[in-house]
Amino acid sequence: MPLVTKVRDLMIPLSDYAVVNVNDPLKDAALCLRRVYCEAQTGSCTEAGHRSALVLDDDDKLVGILDFKSILSVFIPEIAGGLTEKLKALGVTITFAEADAVDLDEANLSLRARVIKNAEVPVKQVMLKVRGTIHPDADVLQALKMIYQNKITVLPVVDGDTLIGIVRDSDLFLNVASILAD
Amino acid sequence: MELKTGNRLVADTIVIVAVALLSLIAILVLADVTFAAEPGAQAEASTANPWWIWPLILLVVTFVMGIAAVLGGVGGGVLFVPIISGFFPFHLDFVRGTGLLVALSGALAAGPGLLKMNLASLRLAIPVALIASTFAIVGAMIGLALPTNVVQIALGVTIVGICILMLTAKKSEMPDVPEADRIASVLRIYGVYQEGSTGQVIDWKVHRTPQGLLLFIVIGIMAGMFGLGAGWANVPVLNLLMGAPLKISVATSKFLLSITDTSAAWIYLNKGCVIPLMVVPSIVGIMMGSFVGVRLLRVAKPGVVRWIVIGMLGFAGLRALGKGLGF
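Going down the list, the protein sequences come from chains R and P.
Counting in the numbering used here, the first sequence runs from 267 upward without gaps.
Counting in the numbering used here, the second sequence runs from -15 upward without gaps.
By construction, these hints were calculated from the structure, which means they are not laboratory data.
Owing to the predicted nature of the structure, the values given are computational and were not obtained by experimental measurement.
Using 30 Å as the maximum straight-line C-alpha spacing, the simulated DSBU-like pairs for lysine-lysine come out as follows: (1) P:Lys100 with R:Lys293; (2) R:Lys352 with R:Lys383; (3) R:Lys390 with R:Lys411; (4) R:Lys390 with P:Lys100; (5) P:Lys154 with P:Lys189; (6) R:Lys352 with P:Lys155; (7) R:Lys383 with P:Lys155; (8) P:Lys100 with R:Lys383; (9) P:Lys100 with R:Lys335; (10) R:Lys383 with P:Lys189; (11) R:Lys293 with R:Lys352; (12) R:Lys327 with R:Lys417; (13) R:Lys417 with R:Lys390; (14) R:Lys395 with P:Lys100; (15) R:Lys395 with R:Lys327; (16) R:Lys352 with P:Lys100; (17) R:Lys395 with R:Lys417; (18) R:Lys390 with R:Lys352.
To spell it out: a stretch of chain P is covered by chain R in this simulated footprint if at least three of its residues, at any positions, have a beta carbon under 8 Å from a beta carbon of chain R; those stretches are: (19) 96 to 102; (20) 230 to 238; (21) 268 to 280.
Glycine is no exception: its CB is placed at the ideal position from the N, C-alpha and C atoms.
Okay, chain R solo, but in the shape it has when bound (with noise of 0.2 Å):
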């Protein structure tokens, strides 16, 4: 009965899963999503890769949560930008256009010295907060709702005060699915 499997049995464990450190600069999250996202193809995985990573401080206790939107809103920040970001932005470019200088318009520099350049805030700045965490004795349903309720995509799976994984909405919808093949 896929709906009263418990979270348990579709988490990822925290070793297979992607986990940085809130000091380090996104590059090496961003690398570390890179290596774990091919590994889940490649490996013994047969679903997608993993989409986020978690962020833990140095007592290893969950303070965040990084996703590749959040990661690539830092390093291209014109994609991402609000109202405001985008008045700076022209603002910047309208400077240097007016100084003559419009080779030192910001936009046209090469993407990849900017990502170089971004990759190097620190992973704290950017992280998301961790919205909601779940036991693993918890049902697919109970699951189900806090993803729901939080809007959230993966799930932190908590025993005590020990993280011992995730559980992603992927991994339960093909639990939901799971149901029609049967």
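Place chain P on chain R using the hints.
Relative to the frame of chain R, chain P by itself:
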């Protein structure tokens, strides 16, 4: 192939911009409307035009001006005062007040981004801003105290001077500063920034600080007196005289405007020389124009626009001179 199409697009735009601006000016000159000719004479304003006609014309003209400024590599504020005072029937005091706010809006929009990118240097800006903004207040007071025709003559001379400066001034990407002078060392005016395109970390320092600070007295007075913004003067002084790298000079200059122009704008606000009906369409027009200008600039950079803009600025300067002299 794509580049050719892009160039053609820009060439077309240049023609449209030039024609639009020139025809508007021609219409205004020919129409010879007398509206708000003196601050006290508004009661006698022409009743032939509905009230919204001037804000609308301002919006259109400043929109074109915003495009031309960005394409021509000139500050929007520096174009605004000579052109609007030369070809529009507004009193010079109102035009200068609006001009300051136009320059200020651009500076305030850019300031946070420039500081965040570590291009605008606070250490360089603060001592300079202290002097320039003090004298911008003095300049604004002088400007409002002097008879209008005297200010107009001075404006004309300044504008023609700016044209000459634009035509002759060179830029130095990385000026050679053998040694920082004493004032610069005491004030710790130096810095480091990373060149975005190469990733190279650049250490910079400045020299000839006393001469630079003295020149900022003059720049401050002129910025306050004419409401021009002062990027045209800030950048050469910071870059060529004091030896700050071009990028730092450009960014610090813009950031500097947000301080000096605020001080001067306060005087104009207090005297009632800032009319929302003029300021709002002008700022909206310039900002929208600049936005379009930046888009066009990404396609190609037409050198000819700069000549057109400098030519028009020179013409407006001569006209200010003529107006002041009573021709």
